[in-house]
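Novice: Listed below are the residues making up each chain.
Number of protein chains: 2
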Amino acid sequence: MLTKDKKILIVGLGLMGGSYAQALKRQGFTVDAITRSQGSIDYALERGWIDWGSTTVDPVELGTCDIVIFALYPNVLLRWLEDNQQYLKDGALLTDVTGIKGPVVYKVQAMLRPALEFVGAHPMAGREVYGVRNADCSIFQGANYIVTPTESNTPAAVEATEELGRLLGFARISRLSPERHDEMIGFLSQLTHCIAVVLMTCRDVEHLSAYTGDSFRDLTRIARINDEMWSELFLLNRDKLLEQIDLFEAQMQILRKAIAQGDSELLRSLMRLSTSKRALFDK
Amino acid sequence: MLTKDKKILIVGLGLMGGSYAQALKRQGFTVDAITRSQGSIDYALERGWIDWGSTTVDPVELGTCDIVIFALYPNVLLRWLEDNQQYLKDGALLTDVTGIKGPVVYKVQAMLRPALEFVGAHPMAGREVYGVRNADCSIFQGANYIVTPTESNTPAAVEATEELGRLLGFARISRLSPERHDEMIGFLSQLTHCIAVVLMTCRDVEHLSAYTGDSFRDLTRIARINDEMWSELFLLNRDKLLEQIDLFEAQMQILRKAIAQGDSELLRSLMRLSTSKRALFDK
Chain X
1 MLTKDKKILI
11 VGLGLMGGSY
21 AQALKRQGFT
31 VDAITRSQGS
41 IDYALERGWI
51 DWGSTTVDPV
61 ELGTCDIVIF
71 ALYPNVLLRW
81 LEDNQQYLKD
91 GALLTDVTGI
101 KGPVVYKVQA
111 MLRPALEFVG
121 AHPMAGREVY
131 GVRNADCSIF
141 QGANYIVTPT
151 ESNTPAAVEA
161 TEELGRLLGF
171 ARISRLSPER
181 HDEMIGFLSQ
191 LTHCIAVVLM
201 TCRDVEHLSA
211 YTGDSFRDLT
221 RIARINDEMW
231 SELFLLNRDK
241 LLEQIDLFEA
251 QMQILRKAIA
261 QGDSELLRSL
271 MRLSTSKRAL
281 FDK
Chain V
1001 MLTKDKKILI
1011 VGLGLMGGSY
1021 AQALKRQGFT
1031 VDAITRSQGS
1041 IDYALERGWI
1051 DWGSTTVDPV
1061 ELGTCDIVIF
1071 ALYPNVLLRW
1081 LEDNQQYLKD
1091 GALLTDVTGI
1101 KGPVVYKVQA
1111 MLRPALEFVG
1121 AHPMAGREVY
1131 GVRNADCSIF
1141 QGANYIVTPT
1151 ESNTPAAVEA
1161 TEELGRLLGF
1171 ARISRLSPER
1181 HDEMIGFLSQ
1191 LTHCIAVVLM
1201 TCRDVEHLSA
1211 YTGDSFRDLT
1221 RIARINDEMW
1231 SELFLLNRDK
1241 LLEQIDLFEA
1251 QMQILRKAIA
1261 QGDSELLRSL
1271 MRLSTSKRAL
1281 FDK
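So the protein sequences, as listed, match chains X and V.
Residues in the first sequence are numbered from 1 upward in steps of one, following the working numbering.
Residues in the second sequence are numbered from 1001 upward in steps of one, following the working numbering.
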C-alpha cells in the first residue's frame, strides 16, 4: 500500500522527525519536511534525508503529500492542523509520534475535515539527546511501535500506518486503544521517568559517582529529560499516571514493611516473583 | 607490596570469587580456592584460574596463604572464620566482597585474633547471573571499588587492599567508613534494587513486553535478583535502607503532587535539576 511513489511530509524535524526522514528516504520515498529552523533543514538536505524542506508552510506543496507525519509537541500539532489542514490533499493519511494518545487522537480526529484521516502511532524509541543532529534511524531496530486506531479509522489507513512502522525498521508492531496505550505508557514510560527524576533529586548525590554501580546508572539514565516535552506529556496523562504512581507506591510500602519487620520470607518471595517476571522480558 | 610471590586464597568460588581468581591469576599470583562444589573447582582449574582447590578446609594449606579473600554470604563468612581462623598464617591480610559493611567489618575485626587483619572492600560490579561459570573479570573494567577501613586497621593493610582493587582492574578506588558506605549503598544499590522489584511486581505485566521501551527494560534489568543474597543484605542494612526508601518516597510525593496539581513549573524545575545532576555522571 505504501508504494514508493507516495510523497511523505514530515512536520517537525527533530530527533524523531529526522530519524523518520532518514529511514524513509533510505526506503526510497520522496520526503519533504517543514520545521522551524533552517539549520535543521540544511543538515537533513546535506545528508540526503529529505528532498525538500521549508521553515514556512507552502500550501501548494502541502497539497502534493500523501502521508503527513507529525513529530511535534501535542499542543503544537493541534495548532498546526487548525491553521493548515485546509491545504492538505484529499485522502491524505496523517499520523504522529506523540507519546500520549487519548488527549491527542480524539481531538485531532474531531477537528479534521472528512477527507483526511489520522491514525495515532507511538514509536517506542528515543535518546536522551534531541534535535535533528542526533537523529539516527538505527534506534528503531529491535524497538516497539504501537498504533492506536479508533472507531473512526478505516482498516486501510490503520494497515498503512502499521506498514509505515515496518518500513521504519521497528521489530514489533502492536495495536492498542488510545486509552489502553496511555495506561501502559503511564506505567512503562512515564512512571519510570518519574522514578529516575526522583532518584536523582531526592538527596545530595554530588559525590556519589565514585561509589555507583551499574544499577544506579541504569535507573537514572533517563533522568536526563526534556523538561518541556515530558512535563506536557505527564500533565496530558495526569489521571492515568497518578494511578500508576499509586500502584507503585502501594507496592513499595509492602516491600518497605517486609524490610522493617525483617520478613525475610516475604522479601524473598517478592524477589523470586520479580526475577521470574523479568526473565520473560529477556526471552 | 602485593608482590607476585604472595599466595592468595579465595574462599567461595562463585561469580565474584571466580572473577577475582581469573584476574589475579592473570596478574601472576598463586591462587588457591576453597568452595562447596567440586564442579566449581574443576571448572576453575580447567581454565587455569586457580592453582589448587578443595571443598574442605586444609589447615596446612591455610597456613601458607598471605591474602585471604572471602566471597561468601555475610553469615557464612562469620561462621567460616570462627571455625578456621586458628589455621591462618600470622600476618595474613583478610578482605571480602560483601555488599554491606558495618554489620560485617566490626564483627569480623572483633572476633579475629590479633595476628590477623581484616580490611573490608566492596567491588561495585556484578551480573544478574551467578556461579563460577558466569565469572568474568572484565566486569571490573571501569567499575568502582570501595575500601572501608576502621580505626583498628593499619595503613599498610589498607594500602594493600587498595592495591588489590587496582590489580583486579577497577577504575576508581575509594575509601569510606563502613557506616558511610552502607548509607551510600543503601541509596545507590539497595534502593535501586527495591525499585526494580517493586516495578516488576506492582501490577500485571505479562503482556507488556510488546509495549516496552528502553526505559522500563533499563529500570528492571536488576529485577532478576538473587533472593537469598539480597534479602540478607537488605536486612543487615535495615535502618539505613529504610531511611533511603523514605527519602525517595517523600520526593516521589512531591513529584506526585506537582502532577496532581498541574504544577508545570515545579515539574520542569525538578526535571532540569535531575538532568543537570545526571549529566555529571556522564562526564
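It should be emphasised that the hints constitute simulated quantities derived from the structure, not laboratory data.
Keep in mind that a hint or two might mislead.
What the hints assert, rightly or not - With the Cβ distance kept under 7 angstroms, some of the chain V side facing chain X (calculated, not the full set): (1) Arg1127; (2) Ile1195; (3) Val1197; (4) Arg1221; (5) Ser1231; (6) Leu1242.
What the hints assert, rightly or not - Chain V regions said to be covered by chain X (calculated; three or more residues, Cβ under 8 angstroms): (7) 1032-1038; (8) 1176-1188; (9) 1202-1211; (10) 1247-1253.
The C-beta atom is built at its ideal place from N, Cα and C for all residues, glycine as well.
Novice: Next step is simple, just say for each hint if it's right about the structure.
Specialist: Status of each hint after checking the structure:
1. Arg1127: Hint violated; Arg1127/V Cβ to chain X Cβ min 9 angstroms, cut 7 angstroms.
2. Ile1195: Interface hint status for Ile1195/V: holds (6 angstroms vs cutoff 7 angstroms).
3. Val1197: holds (4 angstroms)
4. Arg1221: holds (6 angstroms)
5. Ser1231: Nearest chain X Cβ about 4 angstroms off; hint holds.
6. Leu1242: Holds: closest Cβ of chain X sits about 6 angstroms from Leu1242/V, inside 7 angstroms.
7. 1032-1038: violated (count 0)
8. 1176-1188: Held - the segment 1176-1188 of chain V has 6 residues with a Cβ nearer than 8 angstroms to chain X, which meets the minimum of three.
9. 1202-1211: With 8 residues close enough to chain X, the hint holds.
10. 1247-1253: holds (count 6)
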